[in-house]
Each structure stands twice: as C-alpha cells, then as structure tokens.
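Visitor: Turn these sequences into a full structure, and let the hints steer you where they fit.
Residue numbers (the working numbering), protein chains in the order written: chain E, 1 to 290; chain D, 291 to 696.
These are computed hints drawn from the structure, not numbers from a lab. Positions of the beta carbon are idealized from the N, C-alpha and C atoms, including for glycine. Incorrect hints may appear among the rest.
[Stated by the list, open to error] To give an idea of the interface, some chain D residues facing chain E are shown, with a C-beta separation under 7 Å as derived from the structure:
1) G682
2) T686
3) K689
[Stated by the list, open to error] Here are the computed lysine-lysine pairs in the DSS-like style, where the Cα-Cα straight-line distance is at most 30 Å:
4) K501/D - K314/D
5) K664/D - K219/E
6) K559/D - K75/E
7) K136/E - K413/D
8) K664/D - K136/E
9) K2/E - K95/E
10) K558/D - K95/E
11) K559/D - K136/E
12) K95/E - K559/D
13) K136/E - K174/E
14) K508/D - K95/E
15) K276/E - K314/D
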Amino acid sequence: MKTYAEVFDEGLKSEWQNEAVLGIDIGSRTGKAVLLAEGMVYTAIVPTGVYSQETADRLYKKLLKESGIELPEIKYIVGTGYGRIALNFGQTPLKIITEISCHAMGAHYLDADVQTIVDIGGQDSKAIRVNPRNGKVVEFIMNDKCAAGTGIFLEKAALLLGLSVEQFGPEALKSDQPADVSSQCVVFAESEVISLKAKGVQRADIAAGIHLATARRVKNLLNRIGLQPNLIFTGGVSKNQGMKKSLEELLRHPIAEVKLDTIYAGALGAAILAQKSLREETGLTSRSVS
Amino acid sequence: MQFEDVKNARDYIVYSQGMHSYSKAITKMMDLYLSYVPYVERAHQEGKKAIFCSALYPTTWEAPLLYALDTIPYATGEIGRLSDFRVMQIAEDYYQFPIETCSMVKCLVGQWHIRKDDPGAVKRILGVSSGCEPFNMAWETMKMQGFDVHNPDVIYRAKGVDGERLENLIKFFIRQLYRTIEWVSGSREFDEEKLRLEIQRKNRLLEKMRKVLELRLKRPYYIRSLPTILILNSGVANYFARPEEFEATLDLLIEELENIPVDEEENKKVIPLLWVGTTAQEFGIYEAIDQAGGALLGFRSSPNKLFREDVPPLEAIAYYLYDNQRAGAEIYMRRFLDEELGRINARGMILYGIIGCSYNSVEREMHRNYFHQKGIPSINLEGAFQLGGPTGQVLTRVKAFTEMLS
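Guide: Here it is as structure tokens:
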C-alpha cells in the first residue's frame with residue numbers, strides 16, 4: 001500500500017481522483033490488480049490460473065482484504081490483458097480495454113515524460129509510443145508471431161541452464177563476456193545453448209547472450225516506431241534486471257526509474273482508465289485528492 | 291445466436307444477420323450470401339454451367355462475361371469459408387506445398403482436391419493471375435488432377451502507358467478474351483447484345499454500391515462493417531449467382547438507408563477507417579472493429595470507375611481492366627487511397643493481407659511508410675484464409691488501434 005504521492009508523477013497531481021476503482025490485468029503468466037481508493041494505491045499479483053475469472057476473484061479479494069473496502073464500494077472496473085474477455089463482476093460496471101492502452105496510461109501516470117514503452121510479457125512483446133500530454137497511444141507494434149523476444153523464451157532458456165526465472169537475470173549480470181547467441185528462434189536457440197554448454201562456455205555468459213538476443217528482437221520493434229525519451233520498461237519481464245541491462249546497452253538509452261514495480265503498469269493504467277470512464281459515463285463530479 | 295456462441299466464419303454471418311434483423315434488405319443479403327455456394331453447386335448439378343473464377347473484388351471483370359455466356363461465376367474466395375485446417379493439410383501433406391506458401395492458395399488446392407473425384411462438382415477454373423506464382427503452381431497442380439484450367443495472360447499496364455501502347459494492350463487482351471469465350475462456350479461467337487446488357491448491369495451495380503457507401507458515411511452502423519464488405523467484395527463481384535435478386539436487394543438497401551434519420555451526435559463518436567486489403571476470412575475482425583467504435587467506411591475496392599458503354603463490349607472489358615484502380619503496380623493505388631481517405635475523412639487505415647502472400651506483405655509495408663509520412667496511422671494485420679475465428683492477438687491489435695484513434 002502506498003499513497004498516490006509515493007507512486008504517481010507529481011506533475012499530474014491536478015488529475016488525481018479519489019473514486020474507488022479497480023484495474024485488473026490478466027496476463028498469460030501472472031494476474032495483476034491495482035486498487036485506487038481515497039488517495040491510496042493497493043497492488044496484488046497471483047499466478048494466472050486456468051480460468052480468468054478465478055484469477056480475477058483471487059486478486060480483488062486480496063485487495064479488498066488489504067484495503068478494508070467492500071466490493072460494492074468499487075465504482076468501476078477495467079479489465080485488460082489476454083484474459084480480459086471472460087471477466088464479470090455482477091453489478092459493478094466493467095469495461096474491457098486492451099493492455100496496449102492500459103500500459104500507456106499506467107506508464108504516463110508513473111512518469112508523465114514517458115514517450116516510449118517496451119512491454120515484454122509472457123507471450124508477446126510490444127513497443128508503444130505514448131503521447132506525454134494525455135497518456136494515449138500514438139503508435140504501437142506487437143511481436144506475437146514467435147516466442148523469441150518474449151518471457152516464455154527466457155523462461156525456457158533459464159530452464160536449459162538449470163536456473164529459475166528469478167535467478168536468470170542476476171546470473172546474466174555476472175557476465176563480462178556474453179556468449180554469441182545468434183539464433184532468435186526458440187527451437188534453434190535451444191540447440192545453440194546446448195552446444196555452448198558442451199563447449200564449456202560459462203553459464204553466466206550464455207545467460208547474458210540470451211538476454212542480448214532477446215533485446216535485439218525488441219530493438220527491432222523499437223526501430224519501427226522510434227525511440228523517444230523517456231523510455232520505460234513494463235510487463236512481467238521488466239522484473240528481470242539482466243534484461244533491463246541488456247536493453248539499455250543495446251539501445252544506448254537509459255530506462256527511466258519509477259516508484260512502482262512496472263509489472264503493475266497495465267493494471268495501474270486500467271485503474272486510471274476506470275476512473276476516467278466513471279467520470280465520463282456517470283458525469284460524476286471529480287473529487288480531487290487534496 | 292449470441293456473440294459467445296460464435297465459433298466460425300459462418301456463425302459470424304448468422305450472428306451479424308441477427309444484429310441486422312431490423313433490415314429486410316440486409317437480412318436478405320445475408321441469406322443470398324450464405325446460400326451462394328450451395329446454390330451454385332446445386333445449379334451445376336442440375337445442368338447449369340458454373341466456372342471457378344476469382345470474382346474477389348467489385349472491380350473484377352469475369353461476372354459480365356460469364357453471365358453473358360450463360361455461366362455462373364463461382365468465386366473461389368467463397369469456398370474459403372467452407373474450409374478448415376484439414377484442407378491446408380491436404381495442400382501441405384499431399385501436394386507438398388511449402389508451409390510458407392500463401393494460405394489462400396493452399397486452402398483452394400485443398401478444396402479442389404476434395405472435389406476432384408466428385409462427378410457432380412465444378413471442375414473448370416478460369417484463372418486470371420499470371421503474375422502470382424503460387425496460384426500458377428496451384429493451377430498446374432489441379433490440371434494434373436483432371437481440372438480444366440484456362441489462364442488468359444493479363445498484361446501489366448505500367449505508368450505512362452497510353453496512346454498507341456495502350457491500344458496495343460487493349461487489342462492483346464481482346465484476343466485473350468476471345469480465347470476465353472471459346473474455352474467457356476466452345477465457340478468464339480457470342481451474343482454481343484447480351485454482353486452489352488451485362489456490362490450495363492455491372493455498371494448499375496457499381497453505381498448502386500457507390501451510393502450505399504456514400505449513404506453509410508452518415509449512417510455507419512445501420513449496415514455494419516461485415517455485411518458491407520461481403521456485399522461490396524463478393525456481391526458486386528459475382529451477384530451471389532442471382533443477379534436480379536441481388537440488384538433488387540441492393541435497391542431495397544438504398545431505400546432503407548435513405549429513409550432512416552441521421553444521428554449527428556452518434557456519428558461524432560464513430561472512428562472512420564479505411565480497409566486496405568482483401569476480405570478477411572476471420573470475420574470476427576469486423577465485429578471487433580465495430581465494437582471498439584470504429585467503422586469501415588472506405589475500402590481499397592470501393593468502385594471508382596465504370597465500364598465504358600461507348601465502345602464494343604469486349605473493348606469495354608479490356609479498357610476497364612487497364613483503367614480501374616487495381617490496374618498496374620500497387621504503388622499506383624496510392625492516389626486512389628488518398629482520395630478514399632479524404633472521402634470518408636478517415637482517422638486511420640487497416641492494412642490487411644493473407645498469411646504467406648509475399649507480394650501483399652511488401653505492398654502493406656509500402657503503404658504503411660508512405661501514409662505514415664503523411665500522418666495517417668495504420669495497422670498491419672495478417673490473417674489465415676481458412677475458416678476460423680481471429681486469434682486473440684489480432685483482436686488485441688484491432689481493438690488497441692481503434693482505442694488509439696478514439
């Protein structure tokens with residue numbers, strides 16, 4: 001639990017609203033939710049289950065318990081992510097918005113100067129250009145044709161090196177001589193990793209090579225839409241420090257630091273859009289946070 | 291039918307028909323569309339002539355010629371929606387088409403394969419795409435399977451080709467048309483007056499479709515994106531095998547559109563979009579666009595030229611081939627797309643192509659770069675030709691694009 005001031009960009013203070021709203025982002029690997037109420041930001045994360053609604057129920061129950069708020073007090077919910085389609089919250093108004101718009105709005109509230117987002121999730125990666133005046137999407141491009149450049153690729157590669165996902169990034173950071181992993185295909189990369197292991201290449205160097213190969217894929221996306229400062233890194237893979245370092249090195253551009261774990265950027269954007277939708281649809285008078 | 295019950299392309303049409311139950315014209319159009327393939331196959335079994343041909347766009351020329359020769363144009367694109375992954379497997383496993391090959395070509399090969407041993411099936415194919423290598427491969431393959439394939443050579447008209455050079459092209463194509471007439475009917479003789487009347491009919495239909503598209507600008511959701519593109523790209527191309535019924539239904543649609551009030555407030559919320567591509571078989575894409583507040587009001591295939599009626603009918607067909615917006619290289623299409631963007635006051639364009647079509651993937655990139663420089667946002671989509679719902683990622687892209695423009 002944090003206050004708005006501890007999370008949001010101070011430059012947007014005049015836009016902060018008090019209404020209790022929920023943003024739920026059901027990704028392919030994890031479900032995230034952000035509850036905004038009375039100037040407070042609550043977050044929750046759980047692994048994505050088989051059924052989106054069950055994942056969403058677990059998320060909001062965690063948040064309600066932490067905040068002491070009852071479901072009827074929540075005025076509006078926005079669902080996003082791949083599991084967004086199947087959501088239902090009874091009487092509470094629900095809107096479905098794509099994760100692309102939500103990540104843009106979430107990133108905007110975390111840093112109002114953000115113009116470019118790299119979002120790497122479990123099953124796709126995206127590059128998004130954001131309008132810094134309003135947090136709306138200017139342009140985006142998605143890679144979903146193959147697993148390269150996605151979280152699942154990194155997960156698979158970590159497994160091949162006998163590492164957990166959490167250990168994979170830190171392991172890459174130990175390397176000062178990243179291995180040359182040329183393949184950008186999961187299937188071929190697997191044989192390349194096995195071959196590098198057989199040659200006795202250090203595990204940290206292979207891990208760093210894989211991170212760089214993934215970063216190259218993402219760089220291709222950015223080449224299409226252009227990189228303009230500030231740059232922010234969102235999605236599940238944003239927790240991976242090895243990936244962050246690889247991106248910064250390859251792009252020769254720093255990734256902006258913000259005050260909330262950017263894995264929540266989509267859910268936060270969903271919550272902000274819920275507040276905006278509530279005001280638009282009900283004509284509710286704004287209660288700005290003092 | 292509810293949206294949740296939608297499983298395939300046919301379901302989308304039934305669902306869409308239900309959504310338009312207030313309109314006799316759209317209900318009738320969807321009936322004509324849904325019954326087109328069975329109608330052609332039944333008519334053929336009852337002794338009428340039917341020939342597979344492209345008839346994929348309103349600007350194709352086969353329909354007037356074939357109808358004048360008492361032959362039903364059987365649009366190959368329409369057997370796509372009868373397909374599933376199994377027909378693709380036939381092309382890939384039995385005929386060894388590479389997996390990267392155009393999904394439309396593989397789908398058609400699979401569909402024709404299913405028909406090859408059926409004595410009652412249509413086995414004649416009029417191909418008109420000598421520039422498309424995968425299609426040429428498909429036709430050669432089908433010839434070996436006993437199909438009767440005729441492929442008139444279609445000459446490319448480069449920019450600046452006019453005067454005597456254009457006249458030579460016209461003469462060349464008229465000779466090709468005579469060969470085609472002979473292949474269809476067994477004789478080079480044909481009823482010129484009948485062809486003249488068919489050309490007049492085609493022109494009427496093109497004008498009426500144009501009228502529908504104009505009326506839709508102020509009434510975008512009376513007839514939504516899916517039925518619009520089906521009437522435009524399929525109906526005006528092949529008349530759903532029932533020319534008189536189709537034209538009467540088009541008249542009824544115009545009458546309905548002219549008599550409904552315009553909701554200016556509602557129209558302010560609509561995001562006008564230009565569709566640049568063939569008809570997506572994943573019909574859910576259209577529904578996703580409409581649900582997100584977009585409306586396909588402009589099309590690359592919007593008819594902008596009529597057949598000439600001041601020259602003999604074969605000449606009129608030849609002139610039309612070399613003079614409509616699809617003539618020549620894709621780069622020349624830009625001017626038309628610019629006009630269409632202006633006509634509908636478009637906020638963005640959707641560039642759509644079939645998976646595996648290498649030509650089209652280059653075209654889409656060209657258009658994207660050119661129009662981005664002019665400040666027109668676009669989205670690049672690829673879809674499979676065989677039947678099936680659109681993937682979640684495609685729907686995410688479409689929805690995000692319309693959200694971005696809203």
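Visitor: Hint by hint, say whether it matches the structure.
Guide: So, going through the hints one by one against the coordinates:
Interface hint at G682/D: satisfied, since its Cβ lies 6 Å from the closest Cβ of chain E, which is below the 7 Å cut-off. With a cut of 7 Å, the hint placing T686/D at the interface with chain E holds, because the nearest CB-to-CB distance is about 5 Å. About 5 Å separates the beta-carbon of K689/D from the nearest beta-carbon of chain E, less than 7 Å, and the hint is met. Distance hint between K501/D and K314/D is fulfilled; the C-alpha atoms sit about 18 Å from each other, no more than 30 Å.
Between the alpha carbons of K664/D and K219/E the distance comes to roughly 25 Å, so the proposed pair stays at or under 30 Å and holds. Taken as a hint, the K559/D and K75/E pair is honoured in the structure, with Cα atoms around 24 Å apart against an allowance of 30 Å. In summary, the hint linking K136/E to K413/D is not supported, as the alpha carbons are separated by about 54 Å, beyond the 30 Å threshold. Proximity of K664/D to K136/E is assessed by CA-CA distance (about 20 Å); at most 30 Å being required, the pair is judged to hold.
Between K2/E and K95/E the alpha-carbon distance is near 25 Å, which keeps this suggested pair within the 30 Å criterion. For the given pair, K558/D sits about 21 Å from K95/E by alpha-carbon distance, which is consistent with the 30 Å threshold. Our distance criterion of 30 Å between C-alpha atoms is met by K559/D and K136/E, whose separation comes to about 17 Å. Restraint check for K95/E and K559/D: satisfied, since their Cα atoms lie roughly 17 Å apart, inside the 30 Å limit.
A threshold of 30 Å between alpha carbons decides the hint, and for K136/E with K174/E the separation of about 38 Å lies outside it, so the pair is violated. Between K508/D and K95/E, the direct Cα distance comes to roughly 27 Å. Compliance with the 30 Å bound is thereby established for this hinted pair. Taking the CA atoms of K276/E and K314/D, the gap is near 40 Å; set against the 30 Å cutoff, the hint is violated.
Going down the numbered hints, you'll see the structure goes against 7, 13, 15, while the others check out.
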